[in-house]
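Given only the sequences and the hints, what does the whole structure look like? Please build it.
Quick note on numbering: the numbering used here labels position 71 of the sequence shown as 71, and the sequence is numbered without any gaps.
Take the hints with a grain of salt, since some may be wrong.
The following label-pair restraints were derived from C-beta to C-beta distances [stated by the list, open to error]:
| no. | residue 1 | residue 2 | range |
| --- | --- | --- | --- |
| 1 | L49 | R10 | 27 to 37 angstroms |
| 2 | M44 | T123 | 39 to 49 angstroms |
| 3 | L79 | G51 | 28 to 38 angstroms |
| 4 | R58 | S96 | 13 to 23 angstroms |
| 5 | A83 | G48 | 30 to 40 angstroms |
| 6 | R90 | E47 | 13 to 23 angstroms |
| 7 | S96 | T123 | 35 to 45 angstroms |
| 8 | L27 | V70 | 15 to 25 angstroms |
| 9 | V6 | L49 | 34 to 44 angstroms |
| 10 | G48 | P82 | 32 to 42 angstroms |
| 11 | F50 | T4 | 35 to 45 angstroms |
Rather than coming from a laboratory, the hints here were simulated on the basis of the structure. Ideal Cβ placement from N, Cα and C applies to all residues, glycine included.
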Amino acid sequence: MRVTPVAAERAMKLLGIGQSTIGIVTLLAPAGRTKLVGMRWGGMTGEGLFGWRLFALRQVLLGAGVLAGVEPVRRANWLLQPADFVLFVRAYRTRSVPRRTAVLCLGLSTTALGVLVLRATATTDSRTAT
Numbered sequence: 001m002r003v004t005p006v007a008a009e010r011a012m013k014l015l016g017i018g019q020s021t022i023g024i025v026t027l028l029a030p031a032g033r034t035k036l037v038g039m040r041w042g043g044m045t046g047e048g049l050f051g052w053r054l055f056a057l058r059q060v061l062l063g064a065g066v067l068a069g070v071e072p073v074r075r076a077n078w079l080l081q082p083a084d085f086v087l088f089v090r091a092y093r094t095r096s097v098p099r100r101t102a103v104l105c106l107g108l109s110t111t112a113l114g115v116l117v118l119r120a121t122a123t124t125d126s127r128t129a130t
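Right under this line is the structure:
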């Protein structure tokens, strides 16, 4: 299966929308909220909330950069997504976050990596271009 540059760019835009949405929802979630994506926010320490807010801000900035077509930000995903994947595998195994949260984050990292691979392998073959 061949992927056209147009299709790869659409996938990148969807990645940016997803990253931004995850970040915005996490940033705007009230600290007293009982649950969000499996996390018990109400029982979290200030340090835990701070860490998740930093992660959320990173997601917003990554998503905005991807949507704006900022190439260094798009390339930064090649470093950050594998790191996230490893981090959440460890989090799943050690139960440092609820397993539901770890599985969701693993799915998102895997999807992001898939989009990056699609973009890297996109072809301009005239038989597949539309």
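Going through the hints against the structure:
Hint check: L49 to R10, Cβ distance near 35 angstroms, so the stated range 27 to 37 angstroms holds. For M44 paired with T123, a C-beta distance near 46 angstroms keeps the hint of 39 to 49 angstroms intact. Checked against the hint of 28 to 38 angstroms, the pair L79 and G51 fails, with Cβ atoms roughly 19 angstroms apart. Taking 13 to 23 angstroms as the suggested C-beta distance range, the pair R58 and S96 conforms, at roughly 18 angstroms.
The given range of 30 to 40 angstroms is broken by A83 and G48, whose C-beta atoms sit roughly 19 angstroms from each other. Taken as a hint, the range 13 to 23 angstroms holds for the pair R90 and E47, whose Cβ atoms sit roughly 18 angstroms apart. About 41 angstroms separates the C-beta atoms of S96 and T123, a value consistent with the hinted range of 35 to 45 angstroms. For the pair L27 and V70, the beta carbons lie near 20 angstroms from each other, so the given range of 15 to 25 angstroms is met.
A beta carbon spacing of about 41 angstroms between V6 and L49 agrees with the range 34 to 44 angstroms that was offered as a hint. With their beta carbons about 24 angstroms apart, G48 and P82 fall outside the hinted range of 32 to 42 angstroms. At roughly 42 angstroms, the beta carbons of F50 and T4 sit within the given window of 35 to 45 angstroms.
Going through the hint list in order, the structure does not satisfy hints 3, 5, 10.
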